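*Asks:* Chains A and B are the protein sequences, given in the same order.
Just add 10 to the spot in the first sequence (first one is 1) and you have the numbering used here.
Just add 341 to the spot in the second sequence (first one is 1) and you have the numbering used here.
The hints are simulated quantities; they were obtained by calculation from the structure and are not laboratory data.
Careful: at least some of the hints might be erroneous.
[As the list claims (entries may be wrong)] Only some residues are given here: those of chain B computed to face chain A with a beta carbon under 8 Å:
# : residue
1 : V471
2 : Q484
3 : V489
4 : E493
5 : G559
6 : K564
[To be verified] Within a straight-line C-alpha distance of at most 27 Å, the following computed DSSO-like cross-link-like pairs (lysine-lysine) qualify:
#  : chain 1 : residue 1 : chain 2 : residue 2
7  : A       : K85       : B       : K402
8  : B       : K395      : A       : K20
9  : B       : K362      : A       : K87
10 : A       : K228      : A       : K250
11 : B       : K488      : A       : K131
12 : A       : K20       : A       : K42
[Claimed, not checked] Negatives, chain B to chain A, calculated, CB over 12 Å:
#  : residue
13 : M478
14 : A480
15 : I519
16 : N536
None of the values given here were measured: they were computed from a predicted structure.
Each residue gets a CB set at the ideal place from its N, CA and C atoms; glycine is no exception.
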Amino acid sequence: MSLIRLNHVKKSFAGKEGQVDAVVDVNLAVEKGEIFGIVGYSGAGKSTLIRLLNGLETATAGEVLVGDQNVAQLKGKELRAYRKNAGMVFQHFNLLWSRTVEENILLPLEIAGYPAAERQKRAIELIQLVGLEGRENAYPSQLSGGQKQRVGIARAVANQPAILLCDEATSALDPQTTDEVLELLVDINRKLQLTIVLITHEMHVIRKICHKVAVMEKGRIVETGTVGEVFRNPQEEVTKRFVHQELLPEEYNETSQEYLIENYAQGDIIQLHFQGEQAKKPVISQAIKKYDIDINVLQGKLQQTQDGSFGTLVVQIVGNQNERAKAIEFFKEKGVGMEVLHHE
Amino acid sequence: MNKSFTEIYFDWSQLDAAAFKQAFIDTMVMTIISMVLVAILGLGLGLLLYYLSKSNRKSAKLSYTLVSIVSNVFRSTPFIILIVLIIPLTRLLLGTFLGATAAIPALVLSAIPFYARLVEIAFREVDQGVIEAAESMGASQFQLIGKVLLPESKPALLSGLTVTTITMIGFTAMAGAIGAGGLGGLAYQDGFQRNRLTVTLFATVFLLLIVFLIQWLGDSAVKRSDKR
Chain A
11 MSLIRLNHVK KSFAGKEGQV DAVVDVNLAV EKGEIFGIVG YSGAGKSTLI
61 RLLNGLETAT AGEVLVGDQN VAQLKGKELR AYRKNAGMVF QHFNLLWSRT
111 VEENILLPLE IAGYPAAERQ KRAIELIQLV GLEGRENAYP SQLSGGQKQR
161 VGIARAVANQ PAILLCDEAT SALDPQTTDE VLELLVDINR KLQLTIVLIT
211 HEMHVIRKIC HKVAVMEKGR IVETGTVGEV FRNPQEEVTK RFVHQELLPE
261 EYNETSQEYL IENYAQGDII QLHFQGEQAK KPVISQAIKK YDIDINVLQG
311 KLQQTQDGSF GTLVVQIVGN QNERAKAIEF FKEKGVGMEV LHHE
Chain B
342 MNKSFTEIYF DWSQLDAAAF KQAFIDTMVM TIISMVLVAI LGLGLGLLLY
392 YLSKSNRKSA KLSYTLVSIV SNVFRSTPFI ILIVLIIPLT RLLLGTFLGA
442 TAAIPALVLS AIPFYARLVE IAFREVDQGV IEAAESMGAS QFQLIGKVLL
492 PESKPALLSG LTVTTITMIG FTAMAGAIGA GGLGGLAYQD GFQRNRLTVT
542 LFATVFLLLI VFLIQWLGDS AVKRSDKR
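The following block holds chain A by itself, in its conformation from the complex:
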């Protein structure tokens, strides 16, 4: 059975202009040991959703099951005990400026009431885990963003929780630091067998480290699946936008498509979508050898994910109509996703 199950979860707030439904009828299952990403634009309800998982928000209706507990119904002492089992990492780090790196990491251990000697031992392990040796006595104001988030992560896993919740954990970091922090999360996921639920508005984060993804829009989960499935075959409009943002070359847009069609009028222009295994096979060179055609690569982007590589290539196929049709059929056979942009 899944570690985390959300059944018909709803969360509404009483706003000044009437009721606001932040989360509307969400169903979700997260397996143990998985990195599960929830992606959505701001205001989609993902911040509220992740806070339902540790009881910082209480569901208006539905069940929030983590292990054998319904978080939506926990209160007081039980809720506090449960929270020790669910670490949280924040976008703005939320470290105590009055405490050093080590003291910040000690905080959850003090709250959980571990004896001093054990706390100290654990803090040293955690500092090593996140690679902050030598910075133990620095104050947060003396750290870079990436270092601060390392402290945030160490602090969140200090009590050896079953789940780790990441609330836009990399959104305040530059691209280089983002990747370092993401690698640390993958590392922790593997080393500690930790289930990670993260929310983000960056498809990059999903692609880099997630196993499964749920796309959220207007308080609902509109699409969910493995990262592979969703990247290869996005169904909803919002998902397509997110996938394109990550898979198409930066300069790609409708205008550039028109530009290509105008300038490469000969033959067919097709967009190929590679995913997982196919991305590793030399299908293009096979097609050239097999059929009497030329293939001209016009645009492309290939990316690596936890689930193999992904990518999009826009190519021009030149040759006689018959051979071109056969080549297109060949790509289909090989399982390459495709879209014909222009047909001579």
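For this one, chain A is given, so just place chain B on it according to the hints.
*Replies:* Frame of chain A, contents of chain B only:
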């Protein structure tokens, strides 16, 4: 007989070392005891105000308004009137309304609401995200206060206490005028009323020195505690 300014303000024969020493001690006693009481009680009241203002319950909102009104009344009543007004209470508590200790109830009563308001503001300025982080760790309300709210607002609490203490020194001088002794009493009763302005001047200088000392101590404590 016309005296020159020098003769009025620097007539050393007027100065009595023993009287100054006693007055200095009285002022310090009034200030320090009041400061300790205000620090503790003001912190408590400030905490109460903070929690009441955060809560969405109707009863909390009503209590907040009530506490605010009461504390505004004590804060806004001119001190010289407050001290006279509560003479019966002072008598009940201490058996007398004269002397240094007798000034303490009035000092404390007027300073607590003032400091409590500063405490409330200090707590409100603690980063909400940090509070949320502690809650996400399963902190109890006591742990939240002890481990997050107090340490994260320490510089503001200390600077607030410094301001409050300095205000209280001013009030001790006023209390001195109506029988509480101290440097204020010396300046007014021995100095002004007996037309010995050298005493008034030097009592004032001593008061200012105490104020400067406390400001300096407060500022350096704030600086030391702030790691932002």
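*Asks:* Keeping to a limit of 27 Å between CA atoms, is the pair of K20 of chain A and K42 of chain A held or broken?
*Replies:* holds, 23 Å
*Asks:* Mind checking the alpha carbons of K488 of chain B and K131 of chain A for me, to see if they're no more than 27 Å apart?
*Replies:* Holds. K488 of chain B to K131 of chain A sits at ~21 Å (cutoff 27 Å).
*Asks:* Run the C-beta distances from I519 of chain B to all of chain A and say if the shortest one exceeds 12 Å.
*Replies:* holds, 43 Å
*Asks:* Given the proposed pairing of K362 of chain B with K87 of chain A, does the C-alpha separation stay at or below 27 Å?
*Replies:* violated, 57 Å
*Asks:* Run the C-beta distances from A480 of chain B to all of chain A and say if the shortest one exceeds 12 Å.
*Replies:* violated, 5 Å
*Asks:* Holds or violated: is there a CB of chain A closer than 8 Å to the CB of Q484 of chain B?
*Replies:* Holds, about 5 Å.
*Asks:* Take the C-alpha atoms of K395 of chain B and K20 of chain A, compute the straight-line distance between them, and say whether it is at most 27 Å.
*Replies:* Holds, because 25 Å separates the two Cα atoms, which is no more than 27 Å.
*Asks:* Under the criterion that the straight-line Cα-Cα distance not exceed 27 Å, is the pair K85 of chain A, K402 of chain B satisfied?
*Replies:* With Cα atoms ~23 Å apart, K85 of chain A and K402 of chain B stay inside 27 Å; holds.
*Asks:* Holds or violated: the hint that G559 of chain B contacts chain A, with Cβ atoms closer than 8 Å.
*Replies:* violated, 18 Å
*Asks:* Between the alpha carbons of K228 of chain A and K250 of chain A, is the straight-line distance 27 Å or under?
*Replies:* Cα-Cα ~16 Å, so holds.
*Asks:* Is the Cβ of M478 of chain B more than 12 Å away from each Cβ in chain A?
*Replies:* With a cut-off of 12 Å, M478 of chain B comes too close to chain A, as the shortest Cβ separation is near 4 Å.
*Asks:* Does E493 of chain B meet its interface restraint, that is, does its C-beta lie within less than 8 Å of any C-beta in chain A?
*Replies:* Holds - the Cβ of E493 of chain B comes within 8 Å of chain A, reaching about 5 Å at its closest.
Violated hints, listed in ascending order, are 5, 6, 9, 13, 14; each of the other numbered hints is respected by the structure.
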